[in-house]
Amino acid sequence: MIEAFFLAISPSYLMYMTIGVLLGLVVGTLPGLTATMGTALLVPFTFALPTGEGIAMLGGLYVCAMFSDAIPACLVNTPGTPAAMATAFDGHPMVKQGRGQEAIVASCFSSALGTMFGAACYLLLAWPMISIALKFGPPEFFWLGVFALTIIGSLAGNSILKGLAGGAIGLLISCVGISHAAELNRFTLNIPELRGGVSLVAALIGVFAFPQVLSMILDLRKQEYVAEYKPEKGVVLKTIVKVLSTPIHFLRSASIGSFIGILPGAGSPIAAIVSYNEAIRWSKDKSQYGKGDIRGVTASEIANNAAAPAAMIPLVTLGVPGSSPAAVIAGALMLRGLNPGPELFATDGTLVYSFGWSLFIAGIVVFLIGMLATPLLVKIIKIPLRLLAPLIMFLAIIGSYAIRNNIFDVYLMLTIGIFVFLARRLGFHPGPIGLGFILGPIIEPSLVQALYISDARGVGTIFFSGTINIILISLSIFSVSAVAISRMRSRKKELKT
Amino acid sequence: MTKFLNMFRDSDFVTGLLLFAIATISYSGTGDNMKDWIFPLMASYTLFFISIAFLLKSVFKVLNGKLIVDLTLTREQLPSAINVGFFCFFVLCYLFVLFAVGFWIASPLLLWVSIAYFNPDKSARSFFKSLLISLIACGVAYVVFTHIFYVPFPQSRLFG
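In order, the protein sequences belong to chains A and U. Those letters in the first sequence? Residues 1 to 497, per my numbering, in order. Those letters in the second sequence? Residues 1001 to 1160, per my numbering, in order.
The hints are simulated quantities; they were obtained by calculation from the structure and are not laboratory data. Check before you lean on any hint, since a few could be wrong.
[Stated by the list, open to error] Derived DSS-like pairs (lysine-lysine); straight-line CA-CA distance at most 25 angstroms: (1) U:Lys1129 <-> A:Lys382; (2) A:Lys284 <-> A:Lys230; (3) A:Lys222 <-> U:Lys1122; (4) A:Lys493 <-> U:Lys1035; (5) A:Lys379 <-> A:Lys233; (6) A:Lys493 <-> U:Lys1122; (7) A:Lys493 <-> U:Lys1129; (8) U:Lys1003 <-> U:Lys1066; (9) A:Lys135 <-> U:Lys1066; (10) A:Lys242 <-> A:Lys135.
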């Protein structure tokens, strides 16, 4: 492992990893470009490099995209990738309060910490963690998804019923396309383009970006900018101290992120959502979440970044990638004749460990580059709304088109966007709709697979037995009850005052 | 009659109607295979029950004379709503024009028209500035998407 460390800090490793980080900054910031797309596009360029440097570059891009997606999420309420959805819940209100720099610094620093924690798990705890992850089957994934859905209680705003309805609408949109069991067309309205389902990225741009642009236009007469730009001296240090002053919050978010990261198929978006939910549940003062609480930003960013290196654990231990970018990295290794899995650990341990160290160092590089870029990035809010709204719309259209090179995705994005904009007028929060859309593809296949297994063993045995199932069911019930009790208490308080 | 019409300006009633419509449409689109439809059915039933709750709430509000008329468009809000309408129109036009004349004419045009439309200063200088910003934005997007990330942009059907 020491030999691998020295390899990871060699100039060539550092240089290519930094190039990857810089590309990741662009990929995450632009809505429509995802970490998967970025790593896939970078693979051909890595062929000219030695294997170690090549995968270090891909890893650098992946972890930095998990940070930079928070930039548009905070500044203009448009997550750069689905993993930053939970970051926007508190990041954008922070920007609106004139705390834009604090939001970006908090995202950057917590992303760096999360990445380093995830990489440390990769280097030290890969085998024990994978033994727990192997116990996750379809019913466990189903309950994990249900548990993540309980965050709706915290996101619903004034009406929990509207939150639930928004979540159900998101889940319904995620059902469009070919079904998981008998491969039937569902809700495709005989439109061939809908058979492949609704593009996650296009739908999320529709849920968050387009309604945001329309709201900006609606506000044009009242305000000139997204928020007031108030640069503050010493904000970087203050924010870092704030993040470091909550070590339990950090450990909880990082552990959740790392653990969910190793579950194949779950990935950074689920990690961020679950972590955000847990941050609220364990917090003494829940009232500030969703209104610009820095802990909301850090919970999401620590977890989604910790999940990125952790997603490499099943890849190097079992040969099963934990996320889509990890699958691309697996492909890059296979194209070089290397088989990811226990065999690679045994035959090329230095490569496996040097990759882990590269991911760890990438966390530091992300922080340094993020800190250099923050003063420039925050100035986006100094762009007048009359310029910013058309520019975001232009990027939203190009981003929706870019993901599958299909204009139909742009039409879908616009349709969803107009629907969400009007739904917002009715008091719906876009968060639950996006949440349902992200969680649908995790919950439904797990439910269908578990139902197939239950044909032989019974529904009760499959869904309601096993330690992990019982823990997840209890946590879900606890989470829902906690939200209900806290809402009842706050309503009583309101009535009294 | 006024009471009945006012119901359509109560957000709870409109929410109930909207959710009921979505639930009905999704329910009518479901099939027989339980494993294929259990998940959308669960979501549809959820929407159905919530819509009933909102509709009942509105009926009680009408009976108690506590109907809240919160879906209104004031005179002050009208120009902003018109702006939103115009912007949506620009975007729709852009999507049609994009395939006809290609990225390099349609995109700067969308940006230029939108920026100039929202700019209160209608002088020749500000029009020129808007055009310059549009061209720079399109240039940057073009280089990043097509030359760094190899995303092919739609080609013009008229000019190839």
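Against the structure, the hints:
no., hint, result
1, U:Lys1129 <-> A:Lys382, "holds, 17 angstroms"
2, A:Lys284 <-> A:Lys230, "violated, 29 angstroms"
3, A:Lys222 <-> U:Lys1122, "holds, 19 angstroms"
4, A:Lys493 <-> U:Lys1035, "violated, 45 angstroms"
5, A:Lys379 <-> A:Lys233, "holds, 15 angstroms"
6, A:Lys493 <-> U:Lys1122, "violated, 52 angstroms"
7, A:Lys493 <-> U:Lys1129, "violated, 54 angstroms"
8, U:Lys1003 <-> U:Lys1066, "holds, 11 angstroms"
9, A:Lys135 <-> U:Lys1066, "violated, 54 angstroms"
10, A:Lys242 <-> A:Lys135, "violated, 37 angstroms"
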